[in-house]
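K.L.:
So you can see what is in the structure, the chains are spelled out below.
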Amino acid sequence: MIEVQQITKRYGHHTAIDRVSFSVAKGEVLAFLGPNGAGKTTTMRILTCFMPATEGTARVAGFDCADQPLEVKRRIGYLPETPPVYLELTVTEYLQFVGRLRGLTGKTLTSSMQREIERLGLGTVQHRLIGNLSRGYRQRVGLAQALLHDPQVLILDEPTVGLDPKQIIEIRELIKNLAGSHSVILSTHILPEATAVCQRVVIISGGRIVAEDTPDQLSARLRQSEKISLTLKSPAADTDSRLKAVQGVQNVFASGIPGTFLLECELGRDAREEVARLAVTSGWGLLELKAISMTLEDVFLQLTRDETGLPQGAVVASAEPTGQPA
Amino acid sequence: MTPVQAIIAKELRSYFVSPVVYVVGAVFLLIVGLLAYLYIVFAGAQAIQLMQMQGTAQINLNDLVFRNLFSSVRFILLIILPILTMRLFAEERKLRTFEFLLTSPIGINEIVIGKFMSVFLVFLGLLGLTGLMPLVLALFCEFDWYPVLTGYLGLVLLGALFLSVGVLASALTENQIVAAFVSFGLLLVLWLLAGVGSLLGETAIGQAISYVSFMEHYDHLVRGLVDTKDLVYFFSGLALMLFLSHRVVDSSRWK
Numbered sequence: 065m066i067e068v069q070q071i072t073k074r075y076g077h078h079t080a081i082d083r084v085s086f087s088v089a090k091g092e093v094l095a096f097l098g099p100n101g102a103g104k105t106t107t108m109r110i111l112t113c114f115m116p117a118t119e120g121t122a123r124v125a126g127f128d129c130a131d132q133p134l135e136v137k138r139r140i141g142y143l144p145e146t147p148p149v150y151l152e153l154t155v156t157e158y159l160q161f162v163g164r165l166r167g168l169t170g171k172t173l174t175s176s177m178q179r180e181i182e183r184l185g186l187g188t189v190q191h192r193l194i195g196n197l198s199r200g201y202r203q204r205v206g207l208a209q210a211l212l213h214d215p216q217v218l219i220l221d222e223p224t225v226g227l228d229p230k231q232i233i234e235i236r237e238l239i240k241n242l243a244g245s246h247s248v249i250l251s252t253h254i255l256p257e258a259t260a261v262c263q264r265v266v267i268i269s270g271g272r273i274v275a276e277d278t279p280d281q282l283s284a285r286l287r288q289s290e291k292i293s294l295t296l297k298s299p300a301a302d303t304d305s306r307l308k309a310v311q312g313v314q315n316v317f318a319s320g321i322p323g324t325f326l327l328e329c330e331l332g333r334d335a336r337e338e339v340a341r342l343a344v345t346s347g348w349g350l351l352e353l354k355a356i357s358m359t360l361e362d363v364f365l366q367l368t369r370d371e372t373g374l375p376q377g378a379v380v381a382s383a384e385p386t387g388q389p390a
Numbered sequence: 035m036t037p038v039q040a041i042i043a044k045e046l047r048s049y050f051v052s053p054v055v056y057v058v059g060a061v062f063l064l065i066v067g068l069l070a071y072l073y074i075v076f077a078g079a080q081a082i083q084l085m086q087m088q089g090t091a092q093i094n095l096n097d098l099v100f101r102n103l104f105s106s107v108r109f110i111l112l113i114i115l116p117i118l119t120m121r122l123f124a125e126e127r128k129l130r131t132f133e134f135l136l137t138s139p140i141g142i143n144e145i146v147i148g149k150f151m152s153v154f155l156v157f158l159g160l161l162g163l164t165g166l167m168p169l170v171l172a173l174f175c176e177f178d179w180y181p182v183l184t185g186y187l188g189l190v191l192l193g194a195l196f197l198s199v200g201v202l203a204s205a206l207t208e209n210q211i212v213a214a215f216v217s218f219g220l221l222l223v224l225w226l227l228a229g230v231g232s233l234l235g236e237t238a239i240g241q242a243i244s245y246v247s248f249m250e251h252y253d254h255l256v257r258g259l260v261d262t263k264d265l266v267y268f269f270s271g272l273a274l275m276l277f278l279s280h281r282v283v284d285s286s287r288w289k
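In order, the protein sequences belong to chains D and R.
Quick note on the working numbering: the first sequence kicks off at 65 and runs consecutively.
Quick note on the working numbering: the second sequence kicks off at 35 and runs consecutively.
Read the hints as simulated data drawn from the structure, not as lab findings.
A portion of the hints provided could be inaccurate.
[Said to hold, decoys possible] Sample of chain R residues with no beta-carbon within 10 Å of chain D, all distances over it, derived:
(1) P37
(2) Y71
(3) A79
(4) M85
(5) A91
(6) L112
(7) F134
(8) F177
(9) G258
(10) R281
(11) W288
[Stated by the list, open to error] Calculated pairs, DSBU-like style, for lysine-lysine (alpha carbon to alpha carbon, straight line, at most 35 Å):
(12) D:K308 to D:K297
(13) D:K230 to D:K171
(14) R:K128 to D:K240
(15) D:K240 to D:K90
(16) R:K263 to D:K171
(17) R:K128 to D:K230
(18) D:K240 to D:K308
(19) D:K230 to D:K90
(20) D:K354 to D:K308
Quick reminder that beta carbons are idealized off the backbone N, C-alpha and C, glycines included.
Can you make the complete structure from the sequences, with help from the hints?
P.N.:
See the structure below:
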């Protein structure tokens with residue numbers, strides 16, 4: 065449905081995005097993750113034909129964004145970062161205007177408006193001026209605008225910003241329901257959101273795609289070793305070396321807190337049982353033992369910090385644990 | 035409803051919910067009314083003088099009232115029309131609706147024409163209200179309607195040109211005050227070009243500069259002279275300004 069090939073956007077000497085390529089299948093939800101200024105909005109603006117790419121091609125529903133912008137625009141619903149609302153209009157007047165711009169008329173327009181007002185819970189405010197609505201309601205009016213003509217492709221720039229937790233859950237549900245019939249690209253820097261609603265995540269940093277995969281796969285690929293956190297009440301002087309001797313344990317780090325150790329083990333090997341037995345038989349006073357799995361948050365931070373990217377198929381150095389190697 | 039009509043309807047709605055149109059309209063009508071009153075009173079005083087000197091008085095209202103009035107209204111339009119046009123694009127940029135408009139499935143020319151037409155309709159409405167003045171005057175005196183109508187034609191064309199300059203200025207910036215000032219400045223320069231032209235006299239350059247100014251073209255219409263040359267001037271100026279607005283809006287996507 066969406067195909068982006070090697071697009072680059074330069075503003076003078078500044079390169080906002082650099083040879084970005086990705087594609088979104090029909091009915092798929094793709095999350096665009098990245099720190100501020102990574103190029104998420106620029107990519108979205110190119111896809112919506114707001115601005116042309118310096119190099120490369122972007123196609124939406126088979127139409128080239130540079131050559132047939134009107135055809136592309138007809139098939140896209142776009143919610144920019146700031147909800148594009150006219151403060152002096154009421155919600156219904158605004159939606160009516162939006163519908164007319166997109167060629168909806170008569171009964172179709174009325175029923176589309178009714179559908180979106182219901183879907184986004186705008187019934188109670190539909191005759192109020194948008195200027196008098198709260199940020200959350202304006203955001204929802206912005207979403208209603210993007211959905212009004214029932215587009216095949218939805219491009220949402222941070223759709224849950226400014227909403228309260230209950231509304232955030234509702235909007236996520238809404239996006240999940242749209243999956244299947246609509247292709248959705250949403251940008252966010254809220255990581256649980258990406259995990260919650262998206263089938264695929266593209267992490268973008270410094271204008272380049274540094275990783276692209278499902279949320280689960282991403283954290284799995286980045287995990288070089290299993291990690292175990294161990295807290296002991298009274299560790300002995302030789303605790304480090306004896307822990308290291310346990311089969312499967314590759315490295316032992318003393319963390320900043322006294323008595324707490326971080327163990328790095330071979331991938332796919334759970335050394336917890338052995339470690340527990342050792343701690344108990346040695347009388348170190350076992351207080352806590354747990355496996356640490358890498359969250360998407362860690363993946364994100366790691367990828368966007370060093371900007372090295374994720375080599376295809378290979379694994380990247382794991383996150384540095386705090387503390388010194390023992 | 036076509037997209038252009040949708041934009042016109044929306045812009046008109048925006049104009050009439052804000053106080054700007056009411057304030058600008060009230061001031062415009064007040065000043066035009068006041069000027070008309072003054073010119074008519076002066077004409078009356080002249081008539082009385084003539085009556086005392088010659089016994090009879092035959093004064094020309096077209097010369098004494100309408101020509102003066104049309105000359106003055108030109109200046110009022112130069113000041114108030116930029117206030118009407120300044121919000122058209124500048125506000126869209128400020129409120130971030132500009133991106134929404136440009137990602138809607140409509141052409142930039144439709145946006146520019148819709149916006150221009152909306153403010154042009156507001157202007158026609160205001161101008162229509164001043165039509166009461168000659169109508170009332172016609173009840174009590176006699177005058178030649180023809181130059182009055184060509185004068186109004188001149189005002190409509192002049193207003194359209196001023197508005198298109200304002201649309202261009204508004205497309206250039208996101209600050210409404212700057213937009214108003216830029217169009218005010220541009221119009222004043224166009225005005226003063228007439229002076230530069232007459233300074234250079236009957237040379238080719240002098241005539242060319244005079245032609246660029248709206249002064250002589252408007253004066254012809256006020257005097258009742260409908261010349262194709264002047265109509266071409268207004269229409270080509272209008273088309274040029276709207277074309278430039280189109281280019282400015284289009285180029286803003288590249289930045």
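K.L.:
Is K230 of chain D close enough to K90 of chain D, meaning Cα to Cα at most 35 Å?
P.N.:
Status holds; Cα separation ~29 Å.
K.L.:
Is the nearest Cβ of chain D still more than 10 Å from the Cβ of A79 of chain R?
P.N.:
holds (48 Å)
K.L.:
Are the Cα atoms of K230 of chain D and K171 of chain D separated by 35 Å or less?
P.N.:
Given that 35 Å is the threshold and the Cα spacing comes to 32 Å, the pair holds.
K.L.:
Say whether it holds or is violated: A91 of chain R keeps its Cβ farther than 10 Å from all Cβ of chain D.
P.N.:
Non-interface label stands for A91 of chain R: nearest chain D Cβ at 54 Å, farther than 10 Å.
K.L.:
Checking one constraint from the list: CA of K263 of chain R to CA of K171 of chain D, max 35 Å. Satisfied?
P.N.:
violated (49 Å)
K.L.:
Would you assess whether G258 of chain R, listed as outside the interface, keeps its beta-carbon beyond 10 Å of every beta-carbon in chain D?
P.N.:
Nearest chain D Cβ is 42 Å from G258 of chain R, so the label holds.
K.L.:
Given the hint that K128 of chain R pairs with K240 of chain D, does the C-alpha gap stay at or below 35 Å?
P.N.:
Holds, because 33 Å separates the two Cα atoms, which is no more than 35 Å.
K.L.:
A cut-off of 10 Å on Cβ-Cβ distance, and W288 of chain R was said to be off the interface with chain D. Does that hold?
P.N.:
violated (6 Å)
K.L.:
Quickly compare the C-alpha distance for K308 of chain D and K297 of chain D to 35 Å and report which way the hint goes.
P.N.:
Distance ~19 Å between K308 of chain D and K297 of chain D Cα, so the pair holds.
K.L.:
Closest CB-CB distance from L112 of chain R to chain D, is it above 10 Å?
P.N.:
holds (27 Å)
K.L.:
Decide if the proposed pair is consistent with the structure: K128 of chain R and K230 of chain D, CA atoms, cutoff 35 Å inclusive.
P.N.:
holds (30 Å)
K.L.:
For R281 of chain R, is the shortest beta carbon distance to chain D beyond 10 Å?
P.N.:
holds (15 Å)
Checked against the numbered hints listed earlier, the structure breaks hints 1, 7, 11, 16 and 18; every other hint is satisfied.
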